[in-house]
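S.K.: Residue-level listing of the chains:
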Amino acid sequence: MSWEIIKQSLPMFQQGFLLTLYLSLIGIIGSIIVGIICSLVEYFKIPVLNKILKVYIEISRNTPLLIQLFFLYYAFPAMGIKMSAQLCGIIGLIFLGGSYMSAGFSGGFNGVNKKQVESGKAIGLSRWQLARYVIFPQGFALSIPALAANIIFLIKETSIFTVIAIPELTNTALDLIGLYYNSNEYLFVLVVAYAIILIPLSIILTLLERRVRYGTFGN
Amino acid sequence: MAHSGINVLFEGTNLTRLLLGMWTTFKIAAVAIIIGLIIGIILGILRTFHNPILRFVLRIYLEFFRIVPTVVLLFLFYYILPRQMNLHMPGTQVAMLVFSLWVAAEMSDIVRGALISVPIHQKESGLAIGLNKFQLYRYVLVPQAVQLELPATINLITRVIKTTSLLMLISVMDVVNIGQQIVEANNQKYPTGVFWIYGLIFLLYFLIDYPLSWWAGRLEKKRLEQTNGE
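Which chain is which? The protein sequence lines are A and B, in order.
Residue numbering for the first sequence follows my numbering, beginning at 843 and increasing consecutively.
Residue numbering for the second sequence follows my numbering, beginning at 55 and increasing consecutively.
Okay, chain B solo, but in the shape it has when bound (with noise of 0.2 Å):
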């Protein structure tokens, strides 16, 4: 065989527009979560107070979205906003909303989780120094929780970046699809190529997420040892 499958990541463009495809990605991740981080930061707050309609609301929002896969979120959205509300929105956005929803019902479990773990004397030397409700939330349990939750927190944005590989099947071009196009144009040449496009894709996936799930791991280490020095 006169060509060897690794060439095709450098024949003409294709790696230039793989590592496009992962911007996209990598775009529509970052704005899912910041955006996603925000709304569940607030709905976890919300679900720590005693309102039981509230509570039950957002419960069944959280439900829903944790117990429908996030392939079927995608094709709701993506068939039914513009059918429904003639709302006519590309893949990109599609993508956007779907995870900003999908990480804001994640994040406002572990951050409801966190704030009910601060200890109780926390919340009542808060209130018997004379904070009121915001300033208790502002000064003494969320900067607590935040603490908390973070190991959680960077596991739930590891699995946003995993879960972007689904976004070919709304048709973004993200560095999946674009890695099926150029498979699919370079077969006939360089038939082993599937190979090294499909071992890139999965590399740059580790690249990305293997930091961050380090990180996560030593923080979590970190709290347990600290909780076990008390």
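With the rest of the complex left out, here is chain A (with noise of 0.2 Å):
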């Protein structure tokens, strides 16, 4: 191992971190927010549309991201949609995430204690005061551990970017490995930058599953 060849690769590695963390931000938002309309949707059993995202959550929830990748990168501009990767991987990954991150708030929406709803209808709420009152604001913390989970998994889902590549971080040590052969070096620097990234996350999905579990425990 050495430290020099470390080094000289620090700026290329740094490009290919803020490349990862900037897609894996915009694919976790887009997910939320596929997975919050999702799972109301699904709560309030909308008609035609539930059936719908139903069909989308199986398809998405039981393929894999690289196949979505290829599907997208490779198979979509036979069919005359052409897209960049970045945007292939954008989508592929709110595609992935929004599934995952639906079925974390539907988990604690059901989650919500059946006494805390039987008690809501018993003082005459209607669907929707019971769902803004009490489901939601309890539903949404019991999911926070759920969602935390979701984001580490589609940060590291990011890695599979490298098959369409795009130059995120393990795009950029495969690209140094091919061309310098440094592989104990660059995959050294790779699952470091990884663990800085997934460490703190790691710790603070930790605290938050203690502190949820603290919540429902201390009701």
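Heads up, a few of these hints could be off.
Claimed, not checked - Straight line, CA to CA, 25 Å or less: simulated PhoX-like cross-link-like pairs of lysine-lysine:
id, chain 1, residue 1, chain 2, residue 2
1, A, Lys849, A, Lys956
2, A, Lys896, B, Lys243
3, B, Lys187, A, Lys887
4, A, Lys924, A, Lys849
5, B, Lys177, B, Lys187
6, B, Lys187, A, Lys957
7, B, Lys276, A, Lys893
8, A, Lys896, B, Lys276
9, B, Lys187, A, Lys956
10, B, Lys177, A, Lys956
11, A, Lys963, B, Lys275
12, B, Lys275, A, Lys957
13, B, Lys275, A, Lys893
14, A, Lys998, A, Lys887
15, A, Lys887, B, Lys276
16, B, Lys243, A, Lys924
In short, the hints are calculated from the structure, not lab data.
Reassemble the complex: the two chains are provided individually, in unrelated frames, and hints are given to aid placement.
M.R.: This is the structure in structure tokens:
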């Protein structure tokens, strides 16, 4: 392991690092928006839309991101739809993440204590009021651990972007290995870079889980 | 256009090759799941023991495999095993090794979570009737934990199957790699063939994973109904 090689590669890794963060951020925000919409449609059982979203969720959860990306990047142009690699990556990540986030929120809504729901009904809350004042405030809090776990999952999934040649962290490392063969050094930097992003998130996740569990026991 | 894209699937041995590729993928997933689940259950049990060093080491193992993306894990083993340890393994074996270790890590957490959520009175009752530690785990804790953890285990299996799509990155001849070759070879004759090839691979993955997720979902629902009924 040579520190000189590592030092020389850092500027390139920095760019990959920023790109990974940037793509993850957009993907996560998009996924949360899609997830909230899906979980609301599911909660209010909006006809037709509910069925369509169910099909979307099953497709997105049961197929690999890599194939989704290949489809967007290689198969869509054959049908006349051309997009840049980064756009494909973001769309793919949101397509995948949306269903995971939706499952997280729905899990939170379903996790609200049945006594709470029944009490709400007993004091004559309408379906909307019940959702607005009882289910959502508690449900969102309960879904936070799932949300955090999904965020970590999505950031890790951005490593798959390397297959459509987006120069994020993994792609940067593979390119450098291909050019200079110093696989030990570059893989080391790669692991450290992911650790810098994910270890703090993982610690936050553990703390949140503990808090939410304490919250529910505190009831 | 004389050629419709879908015909690329029936040209020569294309379809058989794709299905054989899927078989390779499936084999790697199956080996990794079996080995991983066995090691994972053992590690999960060990993680409930009150030995701080053991718990710390196993926690680090879990966190490492959780934090490093699977793509990177595959490359780590693919590049470092031959260079540092002089172990020359074909991509298929590297993949089986990485996936087994990864499944074991995830499984250990599932098992630990299930074991500690078995009600404490079960454990105490077992001890009270004079079971030793092995009997306690064998007859009381593990059977109940397995039931609790089954949906999570099935979900883990679907994740492993999805993740096998990454095998092409370490040049395993899996379904994606073969699909890519077919696309490249037939690009001139069937410009829209790419749509059908990747479409078929998409469908194959869905056909394997969907029944499994459906099963896990049903078990989970049943369990929720049971706990609510209490």
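S.K.: Hints first: check each against the structure and report whether it holds.
M.R.: Evaluation of the provided hints:
no.: 1; hint: A:Lys849 <-> A:Lys956; in the structure: 57 Å, violated
no.: 2; hint: A:Lys896 <-> B:Lys243; in the structure: 37 Å, violated
no.: 3; hint: B:Lys187 <-> A:Lys887; in the structure: 49 Å, violated
no.: 4; hint: A:Lys924 <-> A:Lys849; in the structure: 38 Å, violated
no.: 5; hint: B:Lys177 <-> B:Lys187; in the structure: 10 Å, holds
no.: 6; hint: B:Lys187 <-> A:Lys957; in the structure: 39 Å, violated
no.: 7; hint: B:Lys276 <-> A:Lys893; in the structure: 22 Å, holds
no.: 8; hint: A:Lys896 <-> B:Lys276; in the structure: 20 Å, holds
no.: 9; hint: B:Lys187 <-> A:Lys956; in the structure: 38 Å, violated
no.: 10; hint: B:Lys177 <-> A:Lys956; in the structure: 29 Å, violated
no.: 11; hint: A:Lys963 <-> B:Lys275; in the structure: 23 Å, holds
no.: 12; hint: B:Lys275 <-> A:Lys957; in the structure: 19 Å, holds
no.: 13; hint: B:Lys275 <-> A:Lys893; in the structure: 19 Å, holds
no.: 14; hint: A:Lys998 <-> A:Lys887; in the structure: 32 Å, violated
no.: 15; hint: A:Lys887 <-> B:Lys276; in the structure: 21 Å, holds
no.: 16; hint: B:Lys243 <-> A:Lys924; in the structure: 21 Å, holds
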